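Chemist: Sequence:
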Amino acid sequence: MADSVCMASETSGLHELKSGELQIDSTVDAECLRLVWRGRSAAPDPSAVLIPYFEQVLDVAHRSGTRLEMHFQGLDYFNSSTIAALIDAIRLGAEHRVPMVMIYKESIRWQRMSFDALRMFTREHDFQLRGV
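Residues 1 to 132 (this note's numbering) are what the sequence shown spells out, left to right.
Hints are computed from structural coordinates only; laboratory data are not their basis.
Small disclaimer: the values here were computed from a predicted structure and weren't measured.
Beta carbons: idealized from backbone N, C-alpha and C, even for Gly.
A portion of the hints provided could be inaccurate.
To be verified - Derived DEER-like restraints, expressed as beta-carbon distance ranges: (1) E124 - H15: 25 to 33 angstroms; (2) R63 - M113: 29 to 37 angstroms; (3) A30 - I108: 27 to 35 angstroms; (4) A42 - R63: 27 to 35 angstroms; (5) K18 - R123: 20 to 28 angstroms; (6) A42 - S64: 19 to 27 angstroms; (7) L118 - Q56: 17 to 25 angstroms; (8) K18 - D88: 29 to 37 angstroms.
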């Protein structure tokens, strides 16, 4: 996987996801499918919305032969239930054979701590964490 952040410029055909205060925008190019998270993910069961979306996104990434990058730098908050959904996304990415990178803002304490909890998955899947 390349170390540079994917700067996608074309729409992927995926719709943006809006659920409560959470919005995820998607773009795709030849290098990667990029998801940009904004707002807050505070739903009691975000998996109900996120897992079907991740399955669609991973299918598009697999078919186009691109990696998936999730950008959390603009996210204001997510709860522990969202972390569980992200773990599911990592496992789904491995099943679909889609390399995945999650990019977070290292200077924001809650983001750093939350993503450090996911670090153990970098050993067993084609998955990277990157603090910026």
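Chemist: All hints, please: hold or fail.
Modeler: Verification of the supplied hints:
| no. | hint | verdict |
| --- | --- | --- |
| 1 | E124 - H15: 25 to 33 angstroms | holds, 31 angstroms |
| 2 | R63 - M113: 29 to 37 angstroms | holds, 35 angstroms |
| 3 | A30 - I108: 27 to 35 angstroms | holds, 31 angstroms |
| 4 | A42 - R63: 27 to 35 angstroms | holds, 32 angstroms |
| 5 | K18 - R123: 20 to 28 angstroms | violated, 34 angstroms |
| 6 | A42 - S64: 19 to 27 angstroms | violated, 32 angstroms |
| 7 | L118 - Q56: 17 to 25 angstroms | holds, 22 angstroms |
| 8 | K18 - D88: 29 to 37 angstroms | violated, 20 angstroms |
Taken one by one, the earlier hints fail for this structure at numbers 5, 6, 8, listed in ascending order.
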